[in-house]
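Chemist: As a plain string of letters, each chain reads:
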Amino acid sequence: MRVMAQMGMVMNLDKCIGCHTCSVTCKQAWTNRAGTEYVWFNNVETRPGQGYPRRYEDQETWKGGWTLSKSGRLKLKAGGRVKKLFGIFASPVQPELKDYYEPWTYDYKTLIDAPAGDDFPVARPKSLITGKDMDIAWSANWDDNLGGVAELGHLDPIVEKVRRESNEKIQFEFEKTFMFYLPRICEHCLNPSCMASCPSGAIYKRVEDGIVLVDQDKCRGWRQCVTGCPYKKIYFNHKTGKAEKCTMCYPRVEIGLPTVCSETCVGRLRYLGLFLYDADKVGAAAATENETDLYEKQLELILDPFDPAVIAEARRQGIAEDWLDAARRSPVYKLAKVYKVALPLHPEYRTMPMVWYVPPLSPVVDLLREQGHDAEAAGTLFGAIEELRIPVEYLAELFTAGDSAKITEVLRKLAAMRSYMRGVALGQEPDASIAHAVGMEEETLYEMYRLMAIAKYEDRYVIPTAHREQAHDLEEMGCSLDFEDGVGMYENSPFGEASGTPTPVAIETFNALRDRQTSESAPSAETLRGRVNLLNWDGTGAPDGLFPAKHDGRGGES
Amino acid sequence: MPEQVITAWDVIWWGVFPYIMLAILVGGLIWRHKYDQFGWTTRSSQLYESKLLRIASPLFHFGILAVIVGHVVGLIIPKAWTDAVGVSQDFYHVNALLVGGIAGVGTLGGAALLIYRRRTSGPVFAATTKNDKMMYVVLVAAIVFGLATTVLSVFEADHTHNYRETVSPWFRSIFLLQPDVASMAQAPLSFQIHTVVGMMLFVIWPFTRLVHALTAPIHYLFRPYIVYRSRDKQRAAVTSAKVRRGWSDVGTGDNAKE
Numbered sequence: 001m002r003v004m005a006q007m008g009m010v011m012n013l014d015k016c017i018g019c020h021t022c023s024v025t026c027k028q029a030w031t032n033r034a035g036t037e038y039v040w041f042n043n044v045e046t047r048p049g050q051g052y053p054r055r056y057e058d059q060e061t062w063k064g065g066w067t068l069s070k071s072g073r074l075k076l077k078a079g080g081r082v083k084k085l086f087g088i089f090a091s092p093v094q095p096e097l098k099d100y101y102e103p104w105t106y107d108y109k110t111l112i113d114a115p116a117g118d119d120f121p122v123a124r125p126k127s128l129i130t131g132k133d134m135d136i137a138w139s140a141n142w143d144d145n146l147g148g149v150a151e152l153g154h155l156d157p158i159v160e161k162v163r164r165e166s167n168e169k170i171q172f173e174f175e176k177t178f179m180f181y182l183p184r185i186c187e188h189c190l191n192p193s194c195m196a197s198c199p200s201g202a203i204y205k206r207v208e209d210g211i212v213l214v215d216q217d218k219c220r221g222w223r224q225c226v227t228g229c230p231y232k233k234i235y236f237n238h239k240t241g242k243a244e245k246c247t248m249c250y251p252r253v254e255i256g257l258p259t260v261c262s263e264t265c266v267g268r269l270r271y272l273g274l275f276l277y278d279a280d281k282v283g284a285a286a287a288t289e290n291e292t293d294l295y296e297k298q299l300e301l302i303l304d305p306f307d308p309a310v311i312a313e314a315r316r317q318g319i320a321e322d323w324l325d326a327a328r329r330s331p332v333y334k335l336a337k338v339y340k341v342a343l344p345l346h347p348e349y350r351t352m353p354m355v356w357y358v359p360p361l362s363p364v365v366d367l368l369r370e371q372g373h374d375a376e377a378a379g380t381l382f383g384a385i386e387e388l389r390i391p392v393e394y395l396a397e398l399f400t401a402g403d404s405a406k407i408t409e410v411l412r413k414l415a416a417m418r419s420y421m422r423g424v425a426l427g428q429e430p431d432a433s434i435a436h437a438v439g440m441e442e443e444t445l446y447e448m449y450r451l452m453a454i455a456k457y458e459d460r461y462v463i464p465t466a467h468r469e470q471a472h473d474l475e476e477m478g479c480s481l482d483f484e485d486g487v488g489m490y491e492n493s494p495f496g497e498a499s500g501t502p503t504p505v506a507i508e509t510f511n512a513l514r515d516r517q518t519s520e521s522a523p524s525a526e527t528l529r530g531r532v533n534l535l536n537w538d539g540t541g542a543p544d545g546l547f548p549a550k551h552d553g554r555g556g557e558s
Numbered sequence: 559m560p561e562q563v564i565t566a567w568d569v570i571w572w573g574v575f576p577y578i579m580l581a582i583l584v585g586g587l588i589w590r591h592k593y594d595q596f597g598w599t600t601r602s603s604q605l606y607e608s609k610l611l612r613i614a615s616p617l618f619h620f621g622i623l624a625v626i627v628g629h630v631v632g633l634i635i636p637k638a639w640t641d642a643v644g645v646s647q648d649f650y651h652v653n654a655l656l657v658g659g660i661a662g663v664g665t666l667g668g669a670a671l672l673i674y675r676r677r678t679s680g681p682v683f684a685a686t687t688k689n690d691k692m693m694y695v696v697l698v699a700a701i702v703f704g705l706a707t708t709v710l711s712v713f714e715a716d717h718t719h720n721y722r723e724t725v726s727p728w729f730r731s732i733f734l735l736q737p738d739v740a741s742m743a744q745a746p747l748s749f750q751i752h753t754v755v756g757m758m759l760f761v762i763w764p765f766t767r768l769v770h771a772l773t774a775p776i777h778y779l780f781r782p783y784i785v786y787r788s789r790d791k792q793r794a795a796v797t798s799a800k801v802r803r804g805w806s807d808v809g810t811g812d813n814a815k816e
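Protein chains in written order, with this note's numbering: chain A, 1 to 558; chain B, 559 to 816.
Incorrect hints may appear among the rest.
Said to hold, decoys possible - Straight-line C-alpha distance at most 20 Å; calculated SDA-like pairs for lysine to any residue: (1) A/63 <-> B/612; (2) A/297 <-> A/408; (3) A/63 <-> B/784; (4) A/83 <-> B/624; (5) B/691 <-> A/240; (6) A/239 <-> B/693.
Stated by the list, open to error - Residues from chain A shown here face chain B by an in silico Cβ test under 7 Å; the list is partial: (7) 89; (8) 97; (9) 98; (10) 205; (11) 207; (12) 238.
Calculated directly from the structure, the hints in this document are not laboratory data. In this text, a Cβ means the ideal position worked out from N, Cα and C, and glycines have one as well.
Build out the structure end to end from the sequences listed, making use of the hints.
Modeler: As structure tokens, then:
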């Protein structure tokens, strides 16, 4: 057993309102540069829909992820090492800009500069690639809210598959359709096929927290990772000629802050926390023969952080106590392994993805309500989940490699939580039979409700900070060697105030922001060691030391 | 062999320039490798255009690999060795012309297609730098003059010039630090032009996108699929009895980070 820690995410799809705030803030933080105009580390797709890039889930075309060889061994779907090297001069399976979209801006200047005339000036779209006039034909969320789905819906690879396999038709007529949103980031897989595809060995998984990153200095732009990733979450920066991907906001996570997409999520649907997993068993689990067993196998990789054997082994591997504690409080562990309501996206790609999803119950609830039923009564809901097979089968293709029984199980738990808690809220006698119907205890159901419905900030994000003894390797601290006090305790230095090396800005900012969030007053001289960091001053109040001391008239004689 | 006069130009081109070229090549590569890892990339334009690239790029690259093999064989292996194993000059020459000709035409055809694509495909042209254009001129010139020597020698019938008695000894002598200027001075003008342009290509090599050729990812065949790196440099060594394949620390083996 080799215990490793993995920073994981769970998204509760029932809460996603498709506002794209996560996408926008992520883009502002990471990909607002030339060469990454079309790059969305985080994007939100309306399902049914084609996704981004278009039809990325059609692996018969895109060859992403892993597959099993005839002898049952794991191999890259796009081909082995030799085949990859022979195809290196023109990557054989590579999405083009037209599979994403041609990014554009508008010629806003004419709105101001145009001479007076009879016509209103217009801002024409200009391509960000060529700079020429262009016709906008697609974007990262062109089919948002089922836009154009009546015409293009059949192009969704999942719709295609479900239609092929069941004789029922997914209907796109207004009254029969369903939809939900699927926000996607990099899955930070346990068995990443992008990494395995990289000829340069530039993509790596961090031992400490499992975050998958691209070494920008080692990447040579062979683009095999773009082919290799079945989620198409590695993008090619066409200006720098390097691959780029979601970083799980590691500079934030290292100091205990949630990722930008999580922090800014309006629906508060994201959870961040640690998984402990057995790294030695990943290969075998990914090579499981039956695709529908992959979810179970992936779940088996996740270790119980309360198990003394696991704790002992983790300690032996050098995982720190505060990380073990965080693993025990981890919301993602609870949702995925304890309550078993979070499912991995496309386990059939065999990459062991570490961003999990609580499937949405809302298509079912909405439909019931529209049909005039009491949408939250346990009996109605339980029955309807089985009855409304199309959404369930669609979800099964996304999350359980087509096993709709597992989706039904999860949806029943969510339905049970809803009905049970409605009873409680209405002051009725709590109905234990609802909990028992889905194989849970009342207490567990209530805990689940606390985590999923109340969803306090501290419960959603349990992020242990990177270790102080490793601080010299943190991104920003490359030169501050002896930063001993770490986050939160930097008031003391051996030779008094402001002696020693300067406090890294990230740490100072972090503390100031926390002070501001948790207290009434602006950060004072006390927390800033008598100095004023204008970066941290938001205009409220005047911290001591901002202005020179005032002489108050009476002190003239001194 | 007729009495030969070695001019000052001969000394400059065949005695001095090769060493200037080598100094710039080696020094430039070390500099680039040390200070510009981030700029060390293929700068692929496949995202913009892929139809033409899919034909042109493999044609050019496989062509030029064959051409490189031909150069290595022709320049490094002394004629005495091939004679010793019973390869006749005619047989050698016909082979060199045939294989070299095919590879050369493939390379030139590929390069022509690539340049056509670069010029006509809007986004690709927009992404072309001055550096690229300069590089293309020198690269194509080297290929054209090289192919010209091959084609010319076909029409020279029986009086075929044997570069393995002029260019090759000179090439080897450079690395022995005893440049054999005289033997290179004897070579026909076409060979001399090709050699000079070739050396110019090596001079600009470290400063263009051509550097990507030097990081051809052969080690991909041998590395483990999954790469782990630690943020903390000591940790992996302390906790595991032996460091296993695929668990190497930063700064070792496959992903050595200088």
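Chemist: Next step is simple, just say for each hint if it's right about the structure.
Modeler: Checked hints:
1. A/63 <-> B/612: holds, 17 Å
2. A/297 <-> A/408: Given pair residue 297 of chain A, residue 408 of chain A holds - Cα atoms ~19 Å apart, limit 20 Å.
3. A/63 <-> B/784: holds, 19 Å
4. A/83 <-> B/624: holds, 19 Å
5. B/691 <-> A/240: Since the Cα atoms of residue 691 of chain B and residue 240 of chain A sit roughly 18 Å apart, the hinted pair holds (cutoff 20 Å).
6. A/239 <-> B/693: holds, 18 Å
7. 89: Holds - the Cβ of residue 89 of chain A comes within 7 Å of chain B, reaching about 4 Å at its closest.
8. 97: holds, 5 Å
9. 98: violated, 9 Å
10. 205: With Cβ-Cβ at 5 Å, under 7 Å, it holds.
11. 207: Holds: closest Cβ of chain B sits about 4 Å from residue 207 of chain A, inside 7 Å.
12. 238: For residue 238 of chain A, the interface hint holds, since the closest Cβ of chain B sits about 5 Å away, which is under 7 Å.
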